[in-house]
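Engineer: Quick mapping for you: the protein sequence lines, in order, are chains U and A.
Residues in the first sequence are numbered from 1 upward in steps of one, following my numbering.
Residues in the second sequence are numbered from 1 upward in steps of one, following my numbering.
It is worth saying that the hints were derived from the structure and are not from the lab.
Warning: the hint list may mix true and false statements.
What the hints assert, rightly or not - Here are a few chain U residues that face chain A, going by a calculated C-beta distance under 7 Å:
no.	residue
1	Trp-16
2	Pro-19
3	Thr-21
4	Asn-24
5	Val-28
6	Leu-50
7	Leu-61
8	Gly-62
9	Gln-65
Claimed, not checked - So these bits of chain A aren't anywhere near chain U, every CB distance computed over 12 Å:
no.	residue
10	Leu-102
11	Phe-136
12	Gly-139
13	Ala-151
14	Arg-159
15	Ala-180
16	Ser-194
17	Lys-231
In this text, a Cβ means the ideal position worked out from N, Cα and C, and glycines have one as well.
Letter by letter, the chains look like this.
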Amino acid sequence: MSASLSDEVAETLAQWLGPNTARNAVRVFSERSLKKAPEALTSADLPQLLRALQPMLRTLLGMEQCNEIVAELERRLAL
Amino acid sequence: MKASKLALLPLLGLVAFLFAAWSLPEGRNGAALFFWAAVTTRTLAAGGELFAGARFRSGDLLRWGWWFWGLGDVCLVLRTVLEGPTNFVLTSAGHQQFSLFLLIVANLATVVGATFMARVWFASGLARALDSWQQFAWGGLVSVLAVLAVAPLLARSARAALAGDPGAVLPLVSAASDLASLLLVSPMLLLALSVRGGRLAWSWALVVASFSGWMLVDLVLGYGPTFLATKDVQVLENGFAVFASLAIFAAGLAQRWAISPTRGAGAARR
Numbered sequence: 001m002s003a004s005l006s007d008e009v010a011e012t013l014a015q016w017l018g019p020n021t022a023r024n025a026v027r028v029f030s031e032r033s034l035k036k037a038p039e040a041l042t043s044a045d046l047p048q049l050l051r052a053l054q055p056m057l058r059t060l061l062g063m064e065q066c067n068e069i070v071a072e073l074e075r076r077l078a079l
Numbered sequence: 001m002k003a004s005k006l007a008l009l010p011l012l013g014l015v016a017f018l019f020a021a022w023s024l025p026e027g028r029n030g031a032a033l034f035f036w037a038a039v040t041t042r043t044l045a046a047g048g049e050l051f052a053g054a055r056f057r058s059g060d061l062l063r064w065g066w067w068f069w070g071l072g073d074v075c076l077v078l079r080t081v082l083e084g085p086t087n088f089v090l091t092s093a094g095h096q097q098f099s100l101f102l103l104i105v106a107n108l109a110t111v112v113g114a115t116f117m118a119r120v121w122f123a124s125g126l127a128r129a130l131d132s133w134q135q136f137a138w139g140g141l142v143s144v145l146a147v148l149a150v151a152p153l154l155a156r157s158a159r160a161a162l163a164g165d166p167g168a169v170l171p172l173v174s175a176a177s178d179l180a181s182l183l184l185v186s187p188m189l190l191l192a193l194s195v196r197g198g199r200l201a202w203s204w205a206l207v208v209a210s211f212s213g214w215m216l217v218d219l220v221l222g223y224g225p226t227f228l229a230t231k232d233v234q235v236l237e238n239g240f241a242v243f244a245s246l247a248i249f250a251a252g253l254a255q256r257w258a259i260s261p262t263r264g265a266g267a268a269r270r
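Okay, chain U solo, but in the shape it has when bound:
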């Protein structure tokens, strides 16, 4: 995944989580679940990244909003 795509995920999340936490979340969950830096991810890694982010989003925003954000990201990133 290019830096611009990982940035796009972070930008979307930043609307709710703020820029720092959104960027950190993408980095932490990329490294933890995919063992890769965000810049090293490919498009094929995105579904797993979104799956990894879901528990956090569900906790902070609730199930319904989490599903909406994930669906929105999937549309934007053409997954």
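With chain U's structure known, arrange chain A on it following the hints.
Structural biologist: Chain A only, in chain U's frame:
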């Protein structure tokens, strides 16, 4: 209305209340003002909390956090109404027991709600993204402030209760519950700091502001009698309670708006 404007509501409420209370003519004790301010703001608080909780599903921690807080405030409104401006209704032992029951349920619900809200910080995984020493430092600071705020009231009411004063049970229950709730604030504070710049920030910041208001109530009750006139203690205690109730009302609205589906989806598409 933007969520940031909601933050003005508790401040405006506090200023308006203090102005009204300190403008009362000499000789009037303000019981009616305190009563109506408490009923109005706590009803708003309960409404905001229940409104926010209703946005979540049953598996969401936030639903239970908001709803337990809502239950707590509903009980406090009922108790305030039952007691009336001058406690005129509490003439029978039955009424007094019911009032005590409402207070205990309200305090338990508040602590349980705070536990759910504090768990959000850990369950989200954000706790692992922050240095342990920072979390420890914030937790320590908040704990020290909480103990300093509540200790005099807790010690005074515990001494009176041990001496056999039945009237000390209510303040003892309240003080113990306040301490338990305030000790749970640091995860909420860390969450508020973490999500700054995002839509969730105002909701969590207002939650922390509300707890700060209750901490100020405890400070006034604990230390005020030593330094202030009785009327000033009453005015400040009730004023900070107004602030705390309006802050949690605003937090509920901010939470609801932050995750409203139309706003979220629309913004994401932009």
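Engineer: Beyond 12 Å from every chain U Cβ: check whether that's true for A:Arg-159.
Structural biologist: 42 Å, holds
Engineer: May I ask you to test the interface hint for U:Leu-61 with respect to chain A, counting a Cβ-Cβ separation under 7 Å as satisfied?
Structural biologist: 5 Å, holds
Engineer: Should the label of A:Ala-151 as a non-interface residue stand, given a Cβ cut-off of 12 Å to chain U?
Structural biologist: The claim stands: A:Ala-151 keeps its Cβ more than 12 Å from every Cβ of chain U (closest is about 33 Å).
Engineer: Please check whether U:Leu-50 passes as an interface residue: C-beta within 7 Å of a C-beta belonging to chain A.
Structural biologist: For U:Leu-50, the interface hint is violated, since the closest Cβ of chain A sits about 14 Å away, which is over 7 Å.
Engineer: Does U:Asn-24 pass the interface hint, meaning its C-beta sits closer than 7 Å to a C-beta of chain A?
Structural biologist: OK, holds: U:Asn-24 within 7 Å of chain A, min 5 Å.
Engineer: Would you say A:Ser-194 is clear of chain U, with no C-beta pair closer than or equal to 12 Å?
Structural biologist: Contrary to the label, A:Ser-194 does not stay out of reach of chain U, its closest Cβ about 5 Å off (not over 12 Å).
Engineer: Tell me if U:Pro-19 is really an interface residue toward chain A, meaning its C-beta lies closer than 7 Å to one of theirs.
Structural biologist: 5 Å, holds
Engineer: Would you assess whether A:Gly-139, listed as outside the interface, keeps its beta-carbon beyond 12 Å of every beta-carbon in chain U?
Structural biologist: 19 Å, holds
Engineer: Decide, holds or violated, for the assertion that all CB atoms of chain U are farther than 12 Å from the CB of A:Leu-102.
Structural biologist: 30 Å, holds
Engineer: For the hint on U:Val-28, does the least C-beta distance to chain A fall short of 7 Å?
Structural biologist: 5 Å, holds
Engineer: Would the stated hint for U:Gln-65 survive a check requiring a Cβ distance to chain A of less than 7 Å?
Structural biologist: Because about 4 Å separates U:Gln-65 from the closest Cβ in chain A, which is inside the 7 Å limit, the hint holds.
Engineer: Would you check whether U:Trp-16 satisfies its interface hint, that is, whether its CB is within less than 7 Å of any CB in chain A?
Structural biologist: 5 Å, holds
In the structure shown, a violation is registered for the earlier hints numbered 6, 16, in ascending order.
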